[in-house]
Structures are given as structure tokens and as C-alpha cells.
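4 protein chains.
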Amino acid sequence: MSHLLRTRPATTPAMLAVFDDAATLRHALAFEAQLAAAQAAEGVIDAADAQAVAAGCAVFAINPAVLADEAALAGTLAIPLVKRLRAGLSGTASASLHKGATSQDVADTVLACQIREAYALLKADLDRVAPALDQLAERHAATPSIGRTLLQDALPIGFGLRIAQWRTGIVKAGERLDREVTDAARIQLGGAAGTRAGLSGKGSAVAARMAEVLGLAAGPPWHANRGSIAAVATALAILIGALGKMARDVSLLAQNTVGEAREPAVPGRGGSSAMAHKRNPTGCQVALSAVLRAPGLVAGILSGLPAEEERGLGGWQAEGPALAELFLLAAGSLDAMASVAEGLEIDEAAIARNLATAGIGDDIGESAAIVAELAARNRV
Amino acid sequence: MSHLLRTRPATTPAMLAVFDDAATLRHALAFEAQLAAAQAAEGVIDAADAQAVAAGCAVFAINPAVLADEAALAGTLAIPLVKRLRAGLSGTASASLHKGATSQDVADTVLACQIREAYALLKADLDRVAPALDQLAERHAATPSIGRTLLQDALPIGFGLRIAQWRTGIVKAGERLDREVTDAARIQLGGAAGTRAGLSGKGSAVAARMAEVLGLAAGPPWHANRGSIAAVATALAILIGALGKMARDVSLLAQNTVGEAREPAVPGRGGSSAMAHKRNPTGCQVALSAVLRAPGLVAGILSGLPAEEERGLGGWQAEGPALAELFLLAAGSLDAMASVAEGLEIDEAAIARNLATAGIGDDIGESAAIVAELAARNRV
Amino acid sequence: MSHLLRTRPATTPAMLAVFDDAATLRHALAFEAQLAAAQAAEGVIDAADAQAVAAGCAVFAINPAVLADEAALAGTLAIPLVKRLRAGLSGTASASLHKGATSQDVADTVLACQIREAYALLKADLDRVAPALDQLAERHAATPSIGRTLLQDALPIGFGLRIAQWRTGIVKAGERLDREVTDAARIQLGGAAGTRAGLSGKGSAVAARMAEVLGLAAGPPWHANRGSIAAVATALAILIGALGKMARDVSLLAQNTVGEAREPAVPGRGGSSAMAHKRNPTGCQVALSAVLRAPGLVAGILSGLPAEEERGLGGWQAEGPALAELFLLAAGSLDAMASVAEGLEIDEAAIARNLATAGIGDDIGESAAIVAELAARNRV
Amino acid sequence: MSHLLRTRPATTPAMLAVFDDAATLRHALAFEAQLAAAQAAEGVIDAADAQAVAAGCAVFAINPAVLADEAALAGTLAIPLVKRLRAGLSGTASASLHKGATSQDVADTVLACQIREAYALLKADLDRVAPALDQLAERHAATPSIGRTLLQDALPIGFGLRIAQWRTGIVKAGERLDREVTDAARIQLGGAAGTRAGLSGKGSAVAARMAEVLGLAAGPPWHANRGSIAAVATALAILIGALGKMARDVSLLAQNTVGEAREPAVPGRGGSSAMAHKRNPTGCQVALSAVLRAPGLVAGILSGLPAEEERGLGGWQAEGPALAELFLLAAGSLDAMASVAEGLEIDEAAIARNLATAGIGDDIGESAAIVAELAARNRV
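Chains as they are written, first to last, in the working numbering: chain R, 23 to 402; chain C, 23 to 402; chain F, 23 to 402; chain Y, 23 to 402.
Just so you know, the hints here were simulated from the structure itself, not pulled from any lab data.
Ideal Cβ placement from N, Cα and C applies to all residues, glycine included.
Honestly, I wouldn't trust all of these hints.
Unchecked claim - Computed cross-link-like contacts, EDC-like style, restricted to lysine to aspartate or glutamate with a CA-CA straight-line distance of at most 16 Å: (1) Lys224/F - Asp91/Y; (2) Lys145/Y - Asp68/Y; (3) Lys121/Y - Glu139/Y; (4) Lys121/C - Glu64/C; (5) Lys224/Y - Glu92/F; (6) Lys224/C - Glu64/C; (7) Lys105/R - Glu92/R; (8) Lys121/R - Asp68/R; (9) Lys224/R - Glu92/R; (10) Lys224/Y - Glu64/F; (11) Lys224/F - Asp385/Y; (12) Lys224/C - Glu364/R; (13) Lys145/F - Asp200/F; (14) Lys121/Y - Asp200/Y; (15) Lys224/R - Glu64/C; (16) Lys145/C - Glu64/C; (17) Lys224/C - Asp369/R; (18) Lys224/F - Glu395/F; (19) Lys121/F - Asp68/F; (20) Lys224/R - Asp200/C.
To be verified - Some, not all, of what chain F presents toward chain R, calculated at C-beta under 10 Å: (21) Gly110; (22) Ser112; (23) Thr114.
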């Protein structure tokens with residue numbers, strides 16, 4: 023799809039790389055190599071065959087577009103990949119390749135590796151947002167400002183209290199995501215019907231060895247149990263929602279008639295092809311756009327949970343792109359809002375002016391104490 | 023809405039009662055009474071006034087339909103409720119009622135109490151499903167049967183392995199729900215703009231006392247931080263999806279040409295107004311219907327996360343009914359599938375016949391070991 | 023579910039009545055009576071039996087809660103309803119009742135009748151909105167005001183141009199809904215498997231007679247073809263979105279710092295339990311809440327389209343409540359925004375002040391011409 | 023995103039090309055060239071300047087990746103595109119480029135062109151499906167087979183009746199899509215705030231000329247009125263659902279224990295990396311996967327309808343990729359099911375055997391007449 027008009031601005035190059043063809047192929051080759059290595063270690067296949075498989079994977083080179091064409095026809099990447107790898111292997115090594123595995127084992131393990139790597143990227147940006155917001159919240163904890171409910175002036179609040187609430191929402195969402203990623207980044211090795219047949223009874227041990235090397239959790243096959251994937255998806259959507267909450271508020275505060283805060287200026291960003299004077303809340307736009315797309319992606323993944331028997335028809339296939347897209351959106355939103363958090367321009371004069379205009383005093387209650395209490399919870 | 027054609031079969035009377043008018047009013051009155059009691063204990067108001075408030079709440083009686091009309095006009099329950107309660111109170115007691123609180127404090131705390139009670143009902147049914155499925159999985163762990171992928175015969179599996187996977191999906195979903203409910207069932211006390219103004223600086227202590235009595239977690243206001251509510255919603259949808267997975271499989275196994283398993287017969291259920299001979303998978307229908315409705319409800323809640331400032335316009339109002347509906351759907355689905363789990367009729371002859379027809383042997387790999395491994399994890 | 027806190031404010035009593043138990047039962051009885059009458063007219067059953075059925079339907083009286091309990095157990099309304107009606111009929115009349123029909127015929131025809139009646143209610147309110155907005159748009163077509171993009175001041179526009187765009191969105195959505203309702207409000211008569219068996223080859227003629235009397239379109243069975251229902255649902259969601267667009271803008275214009283327009287004051291509405299001075303945009307809140315709920319309901323209906331064979335397991339059952347809820351939301355939103363349109367308070371001084379502050383002149387281009395062009399299209 | 027594992031199989035190369043970078047750039051350049059040409063024709067700019075702009079657009083060449091980077095930074099394609107085009111133009115031609123237009127005018131008009139081209143592709147495949155299904159339906163109209171409801175044997179139906187219902191659902195969905203595309207494929211020319219300022223009062227005429235050349239409908243600006251886009255999206259989802267209905271049924275009929283029909287064999291498709299004997303319903307998988315993804319995409323577009331004022335913050339940006347994805351999914355699904363329709367293998371012996379086993383006779387009612395009636399309606 024065209025990156026020119028739309029898709030591109032919404033994510034980061036690093037997150038795109040996690041889910042691109044090269045990464046997918048790299049993980050798939052690692053799966054095959056480590057499957058053979060683990061089987062050799064458990065005595066299921068010969069060590070020499072495992073080394074031959076590893077060597078074949080190491081030198082495997084192909085134009086991804088060609089492989090994609092073949093995968094599209096076959097309905098799965100593993101079929102052409104295994105076929106091509108086999109072509110370079112002798113008899114017993116050839117038979118040892120992909121032994122006991124099925125296409126879904128490859129695809130799910132690749133996805134698990136991508137989940138782990140994608141989360142690491144998000145974590146780095148989460149670690150930017152929290153301290154930046156902490157600092158802003160603390161500095162403005164006792165700054166009287168107008169609180170607003172239902173888009174109407176309500177009662178005074180400490181300006182930093184709103185910021186502390188953004189931070190709490192984002193940090194809690196990050197903690198949930200961490201928990202769900204830990205659960206979902208799990209080796210998949212079940213074979214054609216999820217029984218670990220053809221592994222000489224060593225399936226559990228083989229899977230454990232692979233998990234160790236690939237940096238994944240070990241455990242029984244989960245081919246038809248997609249709840250953990252769905253939980254990562256929902257955790258991402260909640261994170262995107264928490265970032266969207268911050269973006270919504272910043273964009274409202276940045277309205278010309280309000281003027282209490284605005285995004286930092288970035289050279290080349292936020293302009294208009296028709297109006298040179300504008301300073302658009304481009305970061306907020308990225309985050310708010312993400313929040314419109316995420317819920318539907320989650321709904322699709324949830325709809326696919328009742329997969330038929332040992333591998334569903336349609337549901338499993340729909341899940342991967344949706345999860346990848348959620349990571350792309352989360353990365354774009356988090357990157358954008360981290361920059362906003364780090365450079366948010368706050369106009370104390372406008373804050374004071376708007377509060378004075380409201381004419382309802384300046385009793386901000388326990389705002390500062392709540393800011394401190396929020397900071398004390400959910401430490402990063 | 024009419025219960026005749028559609029809504030009614032999808033839930034349980036007990037869950038309907040958790041979210042009905044009487045329960046809502048009971049929790050709202052408890053909020054007001056405990057708010058006054060806690061303020062008296064902290065010296066914010068006089069003990070006598072708190073007693074007067076408590077007495078007023080205790081004797082408050084009204085036709086809910088009348089109150090609902092007034093609430094519909096005012097846009098919130100708290101406005102007419104507080105007005106009516108005040109009418110029965112003298113001067114200082116009247117001023118002490120609802121002191122420092124806002125409509126959303128009432129509504130969110132009521133919702134937190136309903137979440138806690140609703141989960142308790144689900145937990146009771148979760149405790150029926152898991153052992154029933156454990157028993158079936160163990161009994162049939164080594165029964166060779168045909169495994170199916172993409173709705174086609176694949177390779178043999180132990181019949182109990184599929185059941186063990188159902189159980190794992192459901193139990194893990196229950197654990198996630200437990201975690202999220204514990205987080206979300208939290209007192210809300212922030213006042214009009216979430217600053218705990220008007221509580222003489224005792225807001226945190228007042229909230230903690232109320233939480234204790236109402237059986238909720240304590241903590242700072244979360245009025246504009248709806249992530250925990252969204253997380254309960256998504257956990258419910260994942261549970262509904264896990265139950266739907268079991269329902270999908272049971273309904274496929276119960277097809278006339280398959281015949282490997284079917285729902286227990288229930289007098290008066292599963293019939294047809296046109297075909298007396300039919301035995302419809304009515305329990306599965308309830309669960310599969312729920313799985314079609316839940317994802318969209320979740321999407322709606324996620325879409326509302328970027329609430330404007332101190333109280334959003336529309337998002338917060340949309341969240342409550344959607345969350346209640348998710349609990350209703352989960353209750354209906356869980357109740358139905360618990361009955362299916364407890365009474366599932368398994369036809370070993372049909373299982374053997376279908377496997378023989380497939381003609382691919384009976385190597386079920388490590389099926390029995392995986393069943394044991396799944397049972398060992400995620401103990402209830 | 024409780025009407026106290028949540029469901030009630032979002033719709034109108036008239037729309038609730040379209041989908042309540044009494045209406046459902048009334049339509050179901052009309053189906054049975056007209057089925058018998060049409061069969062008698064076509065010579066399929068005796069005229070005396072048809073009269074006996076009609077008489078039985080006319081005097082049928084029951085506590086809907088009791089019937090709902092029975093329907094919940096049976097999984098369909100038709101089973102207990104037909105059983106109870108039969109109990110009051112003699113031999114041949116008893117056999118003539120519900121002849122050739124199945125539960126879904128009753129349910130779908132009832133739904134078709136409700137769609138027709140629900141739309142009539144919406145149409146009445148659509149006919150309030152369009153002229154009210156036309157008038158406002160025309161009056162303010164050439165009033166220079168600040169246009170805003172991405173929540174930032176952009177260039178001047180005629181104030182009425184924004185209003186004319188609201189009107190166009192709403193009117194076009196109404197036209198689409200009209201078209202889809204005409205298609206979907208269709209008789210369903212197919213019998214158990216959709217073949218019109220048991221009707222002596224007169225099925226098409228019987229259905230046509232029933233359609234005529236019930237005010238529905240005639241045509242072949244559509245039991246497993248739910249696209250027309252989905253199209254009504256999506257048309258409703260687009261209407262809700264168009265109303266939400268207007269509500270979003272009004273709520274932004276009504277912000278204290280903007281002040282260009284606000285909802286009419288309604289005694290008892292829009293207040294706050296904590297802040298007597300507030301004037302909340304309660305109508306906009308209803309509309310914006312609806313817009314958060316509608317997309318998920320649509321998604322659920324779309325997900326159910328691939329119904330299994332002659333009647334799906336779960337999808338069909340999920341569709342009815344979602345469609346009814348969409349009508350309820352549309353009614354609430356339309357009623358609220360019709361009142362806003364009729365009473366919108368526009369502050370020309372604020373409009374002029376905000377434009378002057380922006381300092382970008384007052385060239386409103388072809389605003390007035392576009393208002394006229396928009397009004398000329400999509401006439402009601 | 024990686025095409026290796028997932029995205030690629032779900033669509034057609036032709037549809038990918040409609041939405042790729044080259045097409046996007048081509049349409050954007052056509053917009054700028056035709057904008058200048060139309061303005062020259064109306065006397066708004068000089069003819070020589072328009073020719074210079076056209077020449078500049080004709081020779082414009084750039085690596086799309088570079089332009090995408092710039093567009094990502096600027097937040098819109100038009101900014102870097104116009105800047106680069108201007109660099110090659112002299113004074114007055116430079117000022118005449120993009121005159122009176124804004125980024126959204128470019129983006130929306132490009133989208134309108136893509137909608138028109140994308141639909142033409144779908145139409146070609148729709149024209150394959152309908153006659154193929156007509157033929158099958160007619161041939162098997164009177165073949166007695168078992169009808170199934172709720173996944174249970176119900177009563178006999180003509181085998182072709184089910185096929186005729188598929189065809190009706192798909193054809194009606196195609197008709198709706200045609201209607202909505204005609205409405206949505208519309209020129210967008212409103213300028214920065216939708217007033218057609220800066221066009222010397224000739225905006226309407228300029229837009230009409232552009233529409234004529236670009237093959238779009240003419241009309242007033244619709245920048246903040248996204249209902250027509252949403253209607254195309256929902257029409258696509260209903261089409262995807264109708265195709266999914268056919269896919270669901272085919273996959274059920276193709277189960278090994280049923281065997282009444284199956285997809286045509288395609289060399290290299292439907293295999294398994296672990297089970298050489300399998301014949302997977304790969305076409306159905308594509309269609310059923312699409313049906314899981316489409317509803318959420320629609321929900322996202324519907325959620326964005328209440329765009330803020332003259333250009334929303336987030337909603338508009340989320341809409342384009344979702345609509346493009348819906349077209350991609352529809353193309354993949356339609357291509358797959360057209361092939362299934364053209365080559366569906368029907369096993370009359372299995373049909374007869376399953377019916378006999380059910381033991382409920384062979385009265386198929388008016389099946390053949392209904393097939394004829396369905397064929398007579400909704401002619402392509």
C-alpha cells in the first residue's frame with residue numbers, strides 16, 4: 023500500500039523493521055536451525071544433519087518478493103521455504119529439516135519473536151514518556167488552572183494533576199503490556215495437529231531448548247489457544263488509548279482560544295500546504311489517528327478467538343497482520359507523544375488568564391497531594 | 023427492549039440482578055451513606071449529620087421508574103437522588119450530604135461495586151467449568167481421534183487434548199479477569215474536577231475508609247483514566263472468546279455426520295418449532311452469539327479512552343452499558359458452557375469410526391503428556 | 023439492565039416501545055393470524071380454521087415475563103407461543119396454526135415490522151432537523167467566522183457553511199437509511215429450511231398476501247442472507263456519525279473560551295450535582311455517546327454475516343439486539359440534536375471577536391454559494 | 023510490513039497497484055495539472071502558467087521512498103510534492119501551482135480516483151461470480167439434499183437453492199457498492215477551510231471541469247462530511263460478508279465427513295507443510311479471513327465520522343488506510359471465491375447419501391421455484 027499519503031507517518035522505521043520481510047525470514051530460518059539443533063541435542067536427529075540444516079539456513083538467500091509470491095500461492099511461508107532449504111540438503115539432513123513441525127509452528131514462533139522485539143522498542147519509548155511527564159506534573163502540581171468537564175469550565179485543578187493522570191494511564195498500560203508480552207512470547211511447537219508427534223517423545227524437551235535459545239518462554243503448544251495474542255492486542259489498544267487521552271487533552275489545550283500548552287515546534291512538521299502561519303498538533307494527530315484504528319483491529323482479533331478445532335479457517339490468518347498493525351500504531355503514537363512530553367510548551371500566563379476568566383476562585387483541593395500519590399504508585 | 027425474542031436467553035437472572043435498578047440504587051445509597059460516615063470519622067462533618075444521612079438513605083424508597091425519568095432529564099442519577107435525599111434532611115445534615123462528591127463519583131463507585139459482584143458470579147461458574155473439563159480431558163487423553171485443521175482431517179490427536187486446550191484457554195482468561203477486576207474495583211472520590219476539593223484535606227483518608235467498607239480498593243481518583251475499566255472489558259471478551267472456542271468445537275463435533283460429541287439434553291431446550299426431531303446445540307449458540315457481540319462492545323470502550331480533560335463528553339457515558347452487557351454476555355456464555363462441560367456426551371464409537379475412515383493411523387504423539395502438562399499449569 | 027444510571031437517557035420512549043415486549047408479541051400474533059388468513063385465501067387451509075386462529079390471536083393474553091421465561095428455555099419465542107395458542111384451538115385449526123412456518127419466520131418478520139416502525143419515528147425527527155439547520159445555515163451563510171482545521175485556526179468561513187455541511191451529512195444519511203429500510207422491511211416466510219415446504223406450492227402467493235397486509239415488501243426467503251439487515255445497521259451508524267459530527271462541532275463551539283454557539287437551555291437539564299453554574303452540552307453528549315457505541319454494534323452484525331447454511335449458530339441470534347440498540351441510539355441522538363438544531367443559540371459577537379483575534383482577514387470565499395448549492399441538493 | 027507470512031495472500035496484485043505509491047503519485051500529479059488547466063479555462067490563471075504546471079507534472083520523477091520520508095515529516099504528501107514541483111517553475115507558474123487548494127483536496131481527490139479504479143477491478147470479478155453461481159444453482163435447483171440449521175440436519179432443500187442464496191447476497195452487495203461508489207467518487211476542491219477562497223469565485227466551475235477530466239462526480243466540498251466514504255466502506259464489508267457466507271458453507275460442505283462439495287484443485291495451493299494428503303479450502307480461508315478483518319476496519323471509519331470542524335484531528339488520517347485495506351480484502355476474497363464458483367466440485371453421490379442417512383424424506387418444497395425467483399431478481 024502507498025506510504026506516500028497515509029501509512030508511513032503513523033509509525034517508526036524501527037517498528038516497521040521488526041515486521042518486515044527480512045526480519046520475518048530471519049526468524050523463520052532461526053526456527054528451522056534451532057529446531058534441528060534442539061533435536062540433535064535430544065538425540066532425535068543426527069548432529070551432522072543439524073549442522074547441515076544450520077549451515078543451509080545460514081547461507082539461505084532469496085529475493086523476498088519471489089518467496090512471497092510462492093508463499094501466497096501455497097498459503098503459507100513454510101512450504102516454499104522448506105522446499106527451497108531442502109533442495110540444498112542431502113538425504114538424511116533433508117529429512118531432518120522441519121521434522122515434527124508444521125507451518126503454524128514457524129509462523130507462531132516468528133510472531134512470538136516479533137512480539138518480544140516490538141515490545142522492547144516500545145519499552146524504550148515508555149521509559150522516555152514517564153520521567154518527562156513526572157517532571158512536568160511535579161513542576162506544575164500546584165499551579166491553579168481551570169479544570170474542565172464535558173468540555174465546560176468546571177472547578178480549579180493543579181495543572182500538573184492532569185499531566186500526572188496522563189502519566190498514570192500510560193504507565194499502567196505499559197505494565198499490563200509487559201505482563202501480557204511475557205506470557206505471549208512463547209515457543210510454538212506442536213506439529214501438524216498439536217500433538218508433538220514425530221519427535222520421538224522428546225517434544226517438550228526440544229521445545230524448551232528452542233525457547234531458551236530464541237529468548238522465548240517454554241510451554242505446551244498453544245496453536246488453537248489465541249487468548250494470549252488477543253491479550254497483547256488489547257494491552258496495546260489500551261496503551262494507545264492512554265496516549266490518545268494525553269493527545270486529546272494537549273490538542274484541546276493548544277486551541278488558539280485556550281493556549282495553555284502546545285506541542286514543541288519541529289522543523290518541517292505541522293505546517294499546512296495552504297496556510298504558512300499554522301502550527302498543527304501533528305504529534306497528537308498521530309496518536310488520535312491510532313486510537314481510531316486500534317479498537318477495530320482488536321475487535322477483529324477477538325472475533326477470531328473461536329478457532330475451529332486444531333487450526334481455524336480464517337481467524338488465525340487474520341490475527342497476525344492486525345497484531346503487527348497494532349504494534350506499528352503503538353510505536354508511532356508513543357514516539358510522537360514521547361516527543362510531545364519532552365518538549366511540551368506550557369504557557370502559565372494563559373493558564374492564569376483562563377482561570378481568572380472563569381471566576382471561580384483557585385481552590386485546587388488536594389491536587390498536589392494526588393500528584394505525589396500518583397507518582398508513588400506505578401513507578402517505572 | 024423486548025426480552026421475548028432475543029436479549030433474555032443470553033444471560034442469567036443473577037447477572038441481570040447485579041446490574042438492575044434496585045442494585046444500582048442500593049449501591050448509590052451506600053455511597054452516600056458511607057461518604058458521610060467516613061467524613062464524620064475524619065472530622066470533616068458532624069457525626070450526627072452522618073447518622074442523619076445514613077438514616078435517610080436507609081429509609082429511602084422510590085419507584086425506580088420515576089427516578090429514572092428524573093435522571094434521564096438531569097443527565098445523571100446523582101442529581102435527582104441527592105435532591106430527594108436532601109428534602110428529608112435538616113440544614114446541616116443536608117449540607118453534609120454528597121459533600122465533596124460529584125455525580126461521576128457515585129456512578130463510578132457504583133460501577134466498581136457491580137464489577138466486584140459480577141465477577142463473583144462468574145468465578146462461581148468458572149469453578150464449575152475447569153474441573154468438569156479436567157475430568158473429561160484426563161479420561162480421553164489417550165483416546166485416538168482425528169485432529170482437524172482448516173476444517174479438514176489432519177493427523178490423529180488424543181481426544182482429551184482438544185478438551186484440555188479448551189480448559190487452558192478458559193482458565194487463563196479467568197485468571198486475567200481476576201487480576202483486572204482486582205485493579206478496577208476501586209473507590210472513586212475526586213469531586214467535581216478530581217481534586218478532592220471540599221474535603222478539608224482529608225480526601226485520601228475519607229476515600230480509604232469508604233473503600234474498606236464497600237469492599238473496594240483504595241487509591242487516587244481515576245475519573246479520566248478509564249484504562250482499568252477497558253482492561254476488565256477486554257478480559258471479559260477474551261473469556262467469552264475462550265468459551266466460544268469450546269462452543270465452536272462442540273458444535274462441529276455434534277454435526278450429524280461427525281457425531282463425536284454433543285450437548286447434554288435439557289428438557290424443553292434445543293427443540294424446533296418446525297422439526298420435533300432436532301437436537302440443537304443451544305448452549306453453543308449462546309456462547310457463539312456472545313462472541314459475535316463482545317468484540318464490538320470492547321471496541322466501543324476502547325474508542326472512548328481519550329476522554330476530554332477531567333470528564334469526557336460521550337465516552338464515559340457509553341462505557342457503563344457496554345461493560346454491563348459484556349458481563350451479561352459472559353454470564354450467559356459461562357453458564358451455558360458450564361452445563362455443556364458437565365454433561366458433554368462423548369461417543370467413542372463415532373470417534374473411532376471417523377479416525378478409521380481417515381486412514382492415517384493412530385499415532386497421537388505426546389497427547390497424553392501435553393494434557394498432563396496443561397493440567398499442571400493454570401491450576402484453579 | 024438498570025435504566026437509572028445509563029441506558030435510559032440515550033433514547034426516546036417511543037423508540038423503546040417499538041422494541042418492547044408488547045410490540046414484539048403484537049407483531050408475532052399478527053404474523054400467525056395473517057399466515058393463516060393468507061393460507062385460507064390461497065386454499066391451503068380452511069377459512070374456518072383461519073378464523074379460529076385469528077380469534078385465538080386476538081384474545082391471546084399473557085404476562086410477557088412468563089412467556090420470556092419459556093422462550094429463554096426453548097431458545098425461541100415461537101415454540102412457547104405456538105404451544106399456548108394451540109392449547110386454545112381445536113384439531114384442524116390447531117394443525118393450521120403456524121403451518122409451513124418456522125421460528126425464524128416469526129422472528130424475522132417481527133424484526134421487519136419493527137424496522138419499518140422504527141424508521142417512521144426517525145423520519146419524523148429527520149424532518150425536524152433539516153429545515154431547522156437550513157434556516158440557520160441560510161441566516162449565517164455570509165457571517166464571517168474563523169474556520170478551524172486540526173483544532174487550529176485556519177481561514178475564515180461563512181458561519182452558516184459549517185451548519186450547511188452538518189445538514190448535508192444528516193440528510194444524505196437519512197436518504198441512505200430510507201433506501202435500505204425499504205429493502206430490508208420484507209416478509210420472511212421460508213419454513214424450516216427456507217424451501218416453503220408444506221405450503222402446497224402456494225408459498226410465494228401466501229407470502230405476498232402477508233406482506234401486503236403487514237406493510238412489508240414481498241419476496242423470496244432471506245433467512246440466511248443478512249446483508250439487508252447489515253445495510254440498515256450501517257446506514258444507522260452513518261446517520262449517528264453525521265449527528266455526532268454536528269454534536270462534536272457544537273460542543274467545541276460551546277467551550278467557554280470559544281462561546282460561538284451553545285445548546286438551548288432546557289429546565290432541569292445539563293446541570294451538575296456539584297457545580298450549579300455549569301451549562302453542559304447534554305444533547306451533544308447523547309449524540310457523542312451514541313457515536314462511540316454504534317460502530318461496535320455494526321461490527322458485530324457484519325461479523326455475523328457468514329451464517330452457517332440455512333440458519334447460523336450464533337450470528338442470527340446476535341443480530342437482533344444489536345440492530346434494536348442501533349435504532350435506540352439513533353432515536354436518542356436524533357431527538358437530542360433536533361432540539362439542538364431548533365434552539366441553537368449563536369453568539370455573533372463571539373464569532374466576530376474570535377475572527378478578529380485570529381487576524382487573518384474575513385475572506386470567506388464562496389461560502390454563501392456553497393451553502394446554496396448544498397441546500398439545493400438533497401432536498402428532504 | 024512483511025508480505026512473507028501474511029498480508030500478501032489476502033489480495034490481488036492489481037488491487038495492490040491501485041493503492042501503491044506510483045498510483046498515488048500519478049493521481050496527485052493529475053490533480054495539480056488539472057487544477058491548473060481548469061483554472062486557466064476559467065480565466066483564474068494564465069494558460070501559459072497552466073501549461074508550465076502540466077509540463078512540470080509530466081516530467082516529475084522521484085524515488086517514492088524519498089518523497090514518503092518528506093511527507094511523513096510534513097504530515098501530508100502535498101507539502102513536499104508542491105515544494106518540489108515549485109522548484110522547477112518560474113514565478114507566475116509557481117504561484118499558479120496548487121492555487122486555492124489544500125493538502126486535503128489532493129488527498130481526497132486521489133482517494134476518489136482510487137475508489138473508482140478499485141471498484142472497476144471488483145466489478146470485473148463480480149461479473150465472474152454471478153453467472154458461475156447462476157449456472158450451478160440452476161443445474162442443482164431440484165437436487166434433493168439435506169438442509170441444515172444451527173449446524174444440525176433440518177429438512178431437505180434443493181442443493182441449488184443454497185447456491186442461489188449465495189449469489190443473491192453477493193449480487194445485492196455488488197449493487198449497493200456500485201451505488202455508493204458512484205456517490206463517493208467525487209472531486210474534492212475546497213481550499214484550506216472548504217470555502218473555495220482564492221479561486222476568483224470560479225471554484226464551482228473549476229471543480230466541475232476537473233471532475234469531468236478525472237472521471238469523478240462534481241459537487242461542493244465534502245472535506246468534513248465523510249459519510250460517503252463510510253458508506254463505501256460498509257458496502258465493501260457487506261460484500262465481504264456475502265462472500266464469507268459462501269465460503270463458510272463451502273468449507274462446511276467440504277468437511278471430510280460431509281463431502282458434498284469442495285474447492286477446485288489448484289496446483290501448488292492448499293497443501294500442508296506437514297501433511298501431503300490434505301486439500302485445504304484455501305479460497306474459503308482467504309474469504310473468511312477477510313470477514314474477520316473487515317468489520318473492525320469499518321468500525322474505525324465510523325468512529326471517525328464526527329470530525330472536528332473543517333478538518334478533523336486523527337479521524338480523517340485514519341480513514342484512508344482502512345478504506346484501502348477494505349478494497350484489498352474485498353479483492354482477495356472476490357478473486358478467491360470467483361475461482362471457487364467457477365470450479366466448485368459437487369459430489370451428487372455424497373449429497374444423496376447424506377440425505378438418505380438423515381431419513382427425513384426428500385420433499386424440497388418450492389426450492390426450484392425460489393431459485394428461479396432469485397435469479398429473476400438482481401440481474402447483473
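Verification of the supplied hints:
1. Proposed proximity of lysine 224/F and aspartate 91/Y is contradicted: the alpha carbons are some 67 Å apart, above 16 Å.
2. The straight-line distance between the Cα atoms of lysine 145/Y and aspartate 68/Y is roughly 41 Å, outside the 16 Å bound, and the hint therefore fails.
3. For the hint linking lysine 121/Y to glutamate 139/Y, the alpha-carbon distance of about 27 Å lies beyond 16 Å, and the restraint is violated.
4. For the hint pairing lysine 121/C with glutamate 64/C, the CA-to-CA distance comes to about 13 Å; that is within 16 Å, so the pair holds.
5. Straight-line distance between C-alpha atoms of lysine 224/Y and glutamate 92/F comes to about 68 Å, which puts the hinted pair past the 16 Å bound.
6. For the suggested pair lysine 224/C and glutamate 64/C, the alpha carbons sit about 7 Å apart, so the restraint of at most 16 Å is met.
7. A hinted pair counts as satisfied when its Cα atoms are at most 16 Å apart, and lysine 105/R with glutamate 92/R qualifies at roughly 11 Å.
8. Between lysine 121/R and aspartate 68/R the alpha-carbon distance is near 12 Å, which keeps this suggested pair within the 16 Å criterion.
9. Using a Cα cut-off of 16 Å, the hinted pair lysine 224/R and glutamate 92/R is violated, with the two alpha carbons roughly 32 Å apart.
10. Only pairs whose Cα atoms come within 16 Å are accepted, and lysine 224/Y paired with glutamate 64/F is rejected, the gap being roughly 65 Å.
11. Taking the CA atoms of lysine 224/F and aspartate 385/Y, the gap is about 15 Å. The hint holds against a cut of 16 Å.
12. Simply put, lysine 224/C and glutamate 364/R have alpha-carbon atoms about 34 Å apart, too far for the 16 Å limit, and the pair is violated.
13. For the proposed pair lysine 145/F and aspartate 200/F, the alpha carbon gap of about 8 Å is at most 16 Å, so the pair holds.
14. In summary, the hint linking lysine 121/Y to aspartate 200/Y is not supported, as the alpha carbons are separated by about 33 Å, beyond the 16 Å threshold.
15. Our distance criterion of 16 Å between C-alpha atoms is broken by lysine 224/R and glutamate 64/C, whose separation comes to about 65 Å.
16. At most 16 Å may separate the alpha-carbon atoms for a hinted pair to count; lysine 145/C and glutamate 64/C exceed this at roughly 36 Å.
17. For the suggested pair lysine 224/C and aspartate 369/R, the alpha carbons sit about 31 Å apart, so the restraint of at most 16 Å is broken.
18. Under the criterion of a C-alpha separation no larger than 16 Å, the hint pairing lysine 224/F with glutamate 395/F is inconsistent with the structure, at around 52 Å.
19. Of the pairs offered as hints, the one joining lysine 121/F and aspartate 68/F holds, with about 12 Å between alpha carbons and a cut-off of 16 Å not exceeded.
20. Note on lysine 224/R and aspartate 200/C: the hinted pairing is violated, with a Cα-Cα distance of about 35 Å set against a maximum of 16 Å.
21. Here the hint on glycine 110/F is broken, as its CB sits about 42 Å from the closest CB of chain R, past 10 Å.
22. Interface hint at serine 112/F: violated, since its Cβ lies 47 Å from the closest Cβ of chain R, which is beyond the 10 Å cut-off.
23. Taking 10 Å as the C-beta contact cut-off toward chain R, the hint placing threonine 114/F at the interface is violated, the least distance being around 46 Å.
Consistency note: the structure conflicts with the earlier hints numbered 1, 2, 3, 5, 9, 10, 12, 14, 15, 16, 17, 18, 20, 21, 22, 23.
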